[in-house]
Amino acid sequence: MLKIREYVKVKTLEEAYELNQKRSNRILGGMLWMKMSDAQIQTAIDLSGLGLDQIEENEEEFSIGCMVTLRQLEEHEGLAKWSSGIIRESVKDIVGVQFRNLATIGGSLFGRFGFSDVLTAFLALDTYVELFKGGLVTLKEFAERERDNDILVRVIVKKTPGRQVYLTHRNTKTDFPVLAVAIAAERDGARVVVGARPLRAMCVNVDDAWKEKLEHADCTPEELRELAGELAEQVPTGSNMRASAAYRKHLANVLIRRGLFELHDRFAADTGVDMDKGGQQNAD
Amino acid sequence: MQISIQLNGKKITEEIRPDLLLIDWVRQHGCYSVKCGCETSNCGLCTVFLDEKPVLSCSILAARADGRKVDTLEGLKEEAEEFGAFIADQGAEQCGFCNPGMIMNAIALFREIADPTDDEIKEYLAGNLCRCSGYEGQLRGIRAFIEYRKKGGAVCDK
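From first to last, the protein sequence lines stand for chains E and R. Last residue of the first sequence: 328 (this note's numbering), numbering continuous. Last residue of the second sequence: 385 (this note's numbering), numbering continuous.
This is chain E alone, in the form it adopts within the complex (with noise of 0.2 Å):
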């Protein structure tokens, strides 16, 4: 059972990050995965007071503050249009509404959790975390860091044109997702992540030409099965007791070829490309 000494609702990030360079002292986020813990912490310290609750949204990027909660992420309808949709459809399957109206993007994206749809989701966007200290990053660097004293501020989105999809498979509807797939088709490239292998969320890139081919719908259904074999292939996956590594790998294929047709349907609904050539959604 979580055991907490002190609590102190912070007034500043500088009295948050001075106490969080004490071991024992730790930063809630929801608070949700680490309630689950036997952890003895001696200062549990609160940012809420902070009014880094808050997305803002400008011409360039969206802000998005730390105890942000999956809800308002959910909720946002200018994020929902950037990201075509994959933040909503990343979130609305974890637990519920009570459970969402309490996580944090700030809890989510510094756990680095293995499990984390909001990981796979941001890492394929083209998303900077801001670090009290450590200064802005790419999501993808600070996703493959290890854990650190550091707080991690803001979220910033920058409105990179572009598609989105996002997959997922789970067990049970509500449940952590056995293998998770967020692809983008970005202006400065596009790329596939997995996420739920059960490790981390990884990023594979997705060669030029065939970024080309798919903005432009032309590719045939052979072609967009020949590159989710390729990419899937890419992605090391593990067994838990969700799923073997075998399964996830064979998810791993089928997610992305479905995500590959989903937007290579989209690019061609917006080009008024004649889908007979690759258009048919795949039923497998």
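None of these hints come from the bench; they were simulated from the model. All values reported here derive from a predicted model rather than from experimental measurement. Accuracy of the hints is not assured; some may be wrong.
[Claimed, not checked] Computed list of lysine-lysine pairs in DSSO-like fashion (alpha-carbon distance at most 30 Å, straight line):
no.	chain 1	residue 1	chain 2	residue 2
1	E	K55	R	K280
2	E	K53	R	K280
3	R	K280	R	K237
4	E	K47	R	K262
5	E	K66	E	K184
6	E	K255	E	K125
7	E	K217	E	K177
8	R	K238	R	K280
9	E	K184	E	K217
10	R	K280	E	K125
11	E	K53	R	K262
12	R	K296	E	K47
13	E	K217	R	K280
14	R	K262	R	K304
15	E	K217	R	K349
16	E	K136	R	K280
17	R	K262	E	K217
18	R	K377	E	K136
19	R	K238	R	K262
20	R	K237	E	K47
21	E	K125	E	K217
22	R	K262	E	K136
23	R	K237	E	K55
24	R	K280	E	K47
25	R	K238	E	K55
26	R	K378	R	K304
27	E	K136	R	K296
28	E	K125	E	K257
29	E	K47	R	K238
30	E	K184	E	K202
31	R	K238	R	K304
32	E	K125	R	K349
33	R	K296	E	K55
34	E	K203	E	K177
35	R	K378	E	K53
36	E	K53	R	K296
37	E	K293	E	K255
38	R	K349	E	K136
39	E	K53	R	K237
40	E	K125	E	K136
Keeping the supplied structure of chain E fixed, place chain R upon it in accordance with the hints.
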């Protein structure tokens, strides 16, 4: 540490342990409708409103609710009784254990979406588990309540 919470309209100020969960705090104040089911943030049985939003009281510290408003089923009596009658009409309660959490979250749904579709109802209530009914009874009760409300019969609108 000292906290001050408005529980069901009444302001309470007192000393608490920093790791006291909100569920334990509201039960200490007589709100026994709020029950601990799974303790893993999955079942929805401990649902309360925190500043009008449904949250899992088993997964938030009472300290986090300091300076805020908490409502339990006991504080929503009229609204809850009115909707609860529709659930009872369908025999949807069966053992009744999940009912307080289900009613709390259904009320949150009605406040947020005036005329929800079946898919919206299922999605909103996905975090409330019932091991007796298979959810069909509750869904019928909710549909019947929405129809009743459309005809101007409910007090639930805010």
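Here is what the structure says about each hint:
no., hint, result
1, E:K55 with R:K280, "holds, 25 Å"
2, E:K53 with R:K280, "holds, 21 Å"
3, R:K280 with R:K237, "holds, 18 Å"
4, E:K47 with R:K262, "holds, 21 Å"
5, E:K66 with E:K184, "holds, 27 Å"
6, E:K255 with E:K125, "holds, 22 Å"
7, E:K217 with E:K177, "violated, 39 Å"
8, R:K238 with R:K280, "holds, 18 Å"
9, E:K184 with E:K217, "holds, 28 Å"
10, R:K280 with E:K125, "holds, 25 Å"
11, E:K53 with R:K262, "holds, 28 Å"
12, R:K296 with E:K47, "holds, 25 Å"
13, E:K217 with R:K280, "holds, 23 Å"
14, R:K262 with R:K304, "holds, 17 Å"
15, E:K217 with R:K349, "holds, 11 Å"
16, E:K136 with R:K280, "holds, 17 Å"
17, R:K262 with E:K217, "holds, 23 Å"
18, R:K377 with E:K136, "holds, 28 Å"
19, R:K238 with R:K262, "holds, 22 Å"
20, R:K237 with E:K47, "holds, 29 Å"
21, E:K125 with E:K217, "holds, 25 Å"
22, R:K262 with E:K136, "holds, 25 Å"
23, R:K237 with E:K55, "holds, 28 Å"
24, R:K280 with E:K47, "holds, 26 Å"
25, R:K238 with E:K55, "holds, 24 Å"
26, R:K378 with R:K304, "holds, 22 Å"
27, E:K136 with R:K296, "holds, 26 Å"
28, E:K125 with E:K257, "holds, 24 Å"
29, E:K47 with R:K238, "holds, 27 Å"
30, E:K184 with E:K202, "holds, 14 Å"
31, R:K238 with R:K304, "holds, 18 Å"
32, E:K125 with R:K349, "holds, 24 Å"
33, R:K296 with E:K55, "holds, 22 Å"
34, E:K203 with E:K177, "holds, 25 Å"
35, R:K378 with E:K53, "violated, 47 Å"
36, E:K53 with R:K296, "holds, 18 Å"
37, E:K293 with E:K255, "holds, 23 Å"
38, R:K349 with E:K136, "holds, 12 Å"
39, E:K53 with R:K237, "holds, 24 Å"
40, E:K125 with E:K136, "holds, 16 Å"
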